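Sequential numbering of the sequence shown, starting at 56, is according to our numbering.
The set of hints was computed from the structure by calculation and includes no laboratory data. There are no misleading hints in this set.
The calculated lysine-lysine pairs, modelled on DSSO-like cross-linking and capped at a C-alpha distance of 27 angstroms, are:
id	residue 1	residue 2
1	Lys61	Lys139
2	Lys61	Lys92
3	Lys67	Lys89
4	Lys100	Lys67
5	Lys92	Lys67
6	Lys139	Lys92
7	Lys100	Lys89
8	Lys61	Lys100
9	Lys95	Lys61
10	Lys95	Lys139
None of these values were measured; they are calculated from a predicted model.
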Amino acid sequence: MAWRGKLSQNLKELRVLLCQSSPSSASTRAFVEKNYKDLKSANPKLPILIRECRGIQPQLWARYDMGVERGVRLEGLTEPQISKALEELQDANKANVVSCKINCTTIYIAISLATIFTTVTLAIITLPHSIHWSSQPLPPPIPTTAIGTTIIATNANHYCCHNPQPPPLEPLSPPQRPPC
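Could you build all of it, start to finish, from the sequences and the hints given here?
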């Protein structure tokens, strides 16, 4: 039962859908009547929503980070089974958190490597003329611009799909004064 106090660490919202009068929702109604107070006192900031609607099948929905939701149908389940279903919904997010941390770390490493590659590439492209190993002089370096992780060569004679020809510049006119 220690997991009940940790609901707010893994869930952003808990929603119980049930019918006020149908026999299929009887055990869900009993579960809510017996456990709502304990769940809410253990997790005061967690929104626990009880939605009653005539004719609806009993369901338990959990919302996690990033809007991810998981639901369980409660029709035919007893109170201990409903409690077990809630525990499983709470535990289901642990795998998501680990996976998210791994993916974010991988993305961070990829961005870091791309940034390092961009910096190294810029350094190689803009080497001084005096550093070369051939007897032929190097052509003048092409000025470069780093946009994100893409290197774009900016030369007056070089235009391609990554560096389309810019539109012609329009002459600036002086600001117009309003009539008196």
